[in-house]
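Taking the hints into account, I'd like the entire structure generated from these sequences.
Listed in order, the protein sequences are those of chains A and B. Oh and the first sequence: position 221 is 1086 in this note's numbering, straight run, nothing missing. Oh and the second sequence: position 79 is 115 in this note's numbering, straight run, nothing missing.
Watch out, some of these pointers could steer you wrong.
Unchecked claim - Derived list of chain B stretches under chain A, where covered just means 3 residues or more per stretch with a C-beta under 8 Å from a C-beta of chain A: (1) 58 to 68; (2) 76 to 88; (3) 128 to 141; (4) 146 to 158.
What the hints assert, rightly or not - Here are some chain B residues the structure puts well away from chain A; computed CB gaps all over 12 Å: (5) M37; (6) I38; (7) L41; (8) A42; (9) Y45; (10) A48; (11) V52.
Stated by the list, open to error - Sample of chain B residues lacking proximity to chain A, with all beta carbon distances greater than 10 Å (derived): (12) E39; (13) L40; (14) T43; (15) L49; (16) H122; (17) A163.
Keep in mind the hints are simulated off the structure, nothing from the lab. On a predicted model such as this, the values are computed, not experimentally measured, just so you know. Idealized CB from N, CA, C, for every residue including glycine.
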Amino acid sequence: MSDVDLLPALLVVGPILLATVPVLLGLRYDRTGWSVALGTTLGVFAGACYLALEVYSADGVNREIAVIHELGGFSQPMGIELVADTFSTLIVLLVAGTALGVLAYTRVGGPRGNTFYSGYLLLVGGLLGLSMTGDVFNMFVFLEIVGLGTYALISSGDGPESAFAALKYLIIGTVGASIYLIGVGFLFMATGHLNMHALGGEIPGLEGQNLQLARAGFAFIFVGFAIKVAQWPLHSWQPDAYQHAPDGVTPLIAALVSTVSAYALGRLMFTVFGGDFIAATPYAAAVVVTVGAVSVIAGSTLAVIQTDVKRMLAYSSVSQFGLIVAAYGLLTETALLGAVIHLIGHGLMKAGLFLAVGVIALGYGARTVDAYAGLAQHRPYVAGSMAVLLIALVGIPPSIGFIGKWYIAVGAIEAQSWLVAGVIFLSTMLTLAYVARLLERMYFTPRSALESPRGTAGTEPGPAAAGGALTDGGRAMGATAGRRVTIGMLAVVALTAVIAVVLGFSGDVFTELLAPFIESAELEVSP
Amino acid sequence: MIELLATRYAYALMFVLLGIGLYMVIASENLVKKLIGVNLFQTAIFLFFVAVAYVEVDGEPGGSPVVPATTEPAAGDLILASPLPHVIVLTAIVVGIALTAVGLALIVRIHAEYGTLREDTLREVRADE
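Below is the structure:
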């Protein structure tokens, strides 16, 4: 076993073990959590980059070039393995990068406290484990670790609402993970394996009763993940969770938790079941496409009517993940490539957008669409970055949002699924509807015009959501002293906007990097 | 039908428990009862895995041997029970306990903030604020 093989295990175990350090140090010192979290995420990011170099520099079939760590030295099919292949390494990079970026916000923007950073590291470790695990039951365990971290972080918000949102998520999320576990049980009955690679080899050859078991397993697994990915009508936990989580937590949860769950669904569909199995199962692909398409329409429509910006972006996530799930269901190589690109792109854009929302709430005191009036004039940098990210979300080139949607649309046309092609067109229109509403407020409505909505007559219209009294200088110094907008926060938001645009030119790079994975998925080759 | 129930009663029981658990999660207004419902739901799945591990050999009930000790078992060879389902249940129990603990902690906080555990009352209180 060479040194690189140890890396996947270290990436998972490191953050989880170090999550105990802030709590322990907290017994003696007050504010060490941030430094520990920064050190750990820096290490994780460096490790992820090294892993990516190693995986993407190799040539060959997907499984051959993957870096595989067998936990405890037990080889598959009995042991558990961590697999960093061309697909999971991309997700690992996204998780590590986003976790690092969000820290730039939480240093000053809060929430503070050592226990918060323990939860933070636990969540990062769980997400990395979920991305790399090669065992379906181990996936359940990581799903629950991610869940526990998420519930704890959401409930670290100030108001009592956050505890209620976290409990709602806990109950729905646990039921979802349990339904997934039933699916795992059916797969185990059918094949006697839990290892994904072994399952993938076994499932195409199943017959009779065992085939029925595997199909039932697929149904349970899909429904379980539909809850975790927040597909309509199982999305009801998500808007509350995103809205009531602290501003420093929402970017992490919105960008990563659902993204990694959607990745896990893709991994199960294409590595474990394989395109042929899904195509041969009656109605399976049709159900997946329909759930995705309905989520796109329902999510976008609900987003248009929201007044709270965080809630609006949360419903937008429902619709964007609908697009990804629908692309999975199309079962063509182009659509799968589009789904993966959109997965990464959406994670990046949502991280940037929610960070911008946090920065605006801190520095401008605005949380509703109406309160964003005049933002561009008073906070040009953050407004500019947010505008770029919003436009990228609509899918206007050049941006990562465009190439993701483009590949999915091409895949839909190749599969002759006019329903999905139409839904993509309609969803772009609806996305434009809520994005344009926000842009219009930010750039074309003068600030004085909004005095009415949250009638704080007097000096400044800021509803004083988080920061307290605001001064025109942009540095808010109020009741919660010290919470102000730092250069670091603005830099991260601007950097995300730049990356979202630059990646808009990277369609070929993604195609090349992901080629081994796409080939292994047993899909129709594009004509 | 009766024969099916007599031989596969564990699976039937599992679906009954799943149903009761899910019904409690949806219908009960009390948050603690909702959490108990989640627990029942998970317990049904533990039962499912234990039932999966129980395999009849040549129509003889009583053992759960699925993994032979050697790769090519001869007639009189030692046959071992597959440890995997039991390990899964053990792990899932631990995960379930952690989730219940977090859930109860959240419920304690909700009770401290709102003074009630009933969801309908909570809805009224939150609507007033």
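Do the hints match the structure? See the list:
1. 58 to 68: It holds: at least three residues are needed, and the region 58 to 68 of chain B offers 3 whose Cβ sits within less than 8 Å of chain A.
2. 76 to 88: That given contact holds, which follows from 6 residues of the region 76 to 88 of chain B lying within Cβ reach (below 8 Å) of chain A.
3. 128 to 141: holds (count 6)
4. 146 to 158: holds (count 4)
5. M37: Check passes; 19 Å lies beyond 12 Å.
6. I38: Label holds. Min Cβ-Cβ 21 Å, cutoff 12 Å.
7. L41: holds, 19 Å
8. A42: holds, 19 Å
9. Y45: holds, 17 Å
10. A48: The claim stands: B/A48 keeps its Cβ more than 12 Å from every Cβ of chain A (closest is about 15 Å).
11. V52: Per Cβ check, B/V52 is outside 12 Å of chain A; nearest 14 Å; holds.
12. E39: holds, 17 Å
13. L40: holds, 14 Å
14. T43: holds, 15 Å
15. L49: holds, 14 Å
16. H122: holds, 12 Å
17. A163: Per Cβ check, B/A163 is outside 10 Å of chain A; nearest 12 Å; holds.
Hint violations for this structure: none, all hints satisfied.
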